[in-house]
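Asks: These are the residues of each chain, in order.
Protein chains: 2
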Amino acid sequence: MQLQEIGVVHNAYKSLTDIPRQGRMSAEISEIEIHPEFADGLLKIEQNAHLIVLYWAHLAKRDILKTIPPAAKELHGVFASRSPGRPNPLSLCIVELLERRDNILRVKGLDALDGSSVIDIKPYTQMDAITEMS
Amino acid sequence: MQLQEIGVVHNAYKSLTDIPRQGRMSAEISEIEIHPEFADGLLKIEQNAHLIVLYWAHLAKRDILKTIPPAAKELHGVFASRSPGRPNPLSLCIVELLERRDNILRVKGLDALDGSSVIDIKPYTQMDAITEMS
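Residue numbers (my numbering), protein chains in the order written: chain S, 275 to 408; chain L, 275 to 408.
Careful, some of the hints might be misleading.
For identical chains, the list gives no copy identity; a pair is met inside one copy or between any two copies.
Said to hold, decoys possible - Straight-line C-alpha distance at most 30 Å; calculated DSS-like pairs for lysine-lysine: (1) Lys318 - Lys335; (2) Lys347 - Lys318; (3) Lys318 - Lys340; (4) Lys340 - Lys288; (5) Lys347 - Lys288.
Please keep in mind that the hints were generated in silico from the structure rather than gathered at the bench. In this text the structure is predicted, and so the values were computed from the model without any measurement.
Sequences and hints are given; from them, build the entire structure.
Replies: Structure, rendered in structure tokens:
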């Protein structure tokens, strides 16, 4: 299972320490530049207020299975954590779509490093909003 | 960017036509069997009521960029659709975690075919529930 880069992130996060812990809540604007050969995949994307972005966390360790998440004090398995380190370092971020200009998406709340490879984009739907959390 | 299979899906969906359109809302139970070498990654996962599952939609076409989503009448870009066909056929499903038995997760609402490769599991958090949809 081999992934293709569909686009690349441009923003002000040049190193991991630049990214606020709740990047999703930050006002920072990022641009996602979709490579021209995939731009047809953006048709009608501007109808969505929020998008799910999957990107490759290229600095993350792939050989760890336990980690202490930022808000926790004890070890958690990586599948019980949103930490980037995991066997397949795919990070998932829900962003607000501000504008589309051709193959460029301006989004708010993306917690990816500048230069990250974008793997997939999906519309966020009502079905994704689970409110009866236990 | 090469993916590893961390586990496999077991359920009653033997062909694509078996999967209800809103698989997420179905009462069907699936089991996710995490391969023993990744089972340490499950530590404390039972603390989560809902999980985000990323799986590989192995039957999906990777060379399409536009599709007509089930609920639509017009062509949409694949990045404006949740259809499995896309350059990187990673499907995302939010499931309810019913039980963990060692390296087996019993979940409700998974819309994957029996035998699908599981790529990643993440806890669903309050941050993922966006209620102010436009």
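Asks: Reference check for the pair Lys347 and Lys288, CA-CA at most 30 Å: within, between, both, or neither?
Replies: within (28 Å within a copy, 42 Å between copies)
Asks: Since the copies are identical, ignore which copy is meant and state whether Lys347 and Lys318 lie within 30 Å (CA to CA) inside a copy, between copies, both or neither.
Replies: So Lys347 and Lys318 pass the 30 Å test across copies only (12 Å; inside, 44 Å).
Asks: My question is about Lys318 and Lys335: at a cut-off of 30 Å on alpha-carbon distance, are they close within one copy, between copies, both, or neither?
Replies: between (36 Å within a copy, 20 Å between copies)
Asks: Can you tell me if Lys340 and Lys288 fall within 30 Å by alpha carbon in one copy, between copies, both or neither?
Replies: within (26 Å within a copy, 33 Å between copies)
Asks: For the identical chains here, do Lys318 and Lys340 meet the 30 Å Cα criterion within one copy, between copies, both, or neither?
Replies: Answer is between: at 10 Å across copies they meet the 30 Å cutoff, but 40 Å inside does not.
Hint compliance for this structure: no hint is broken.
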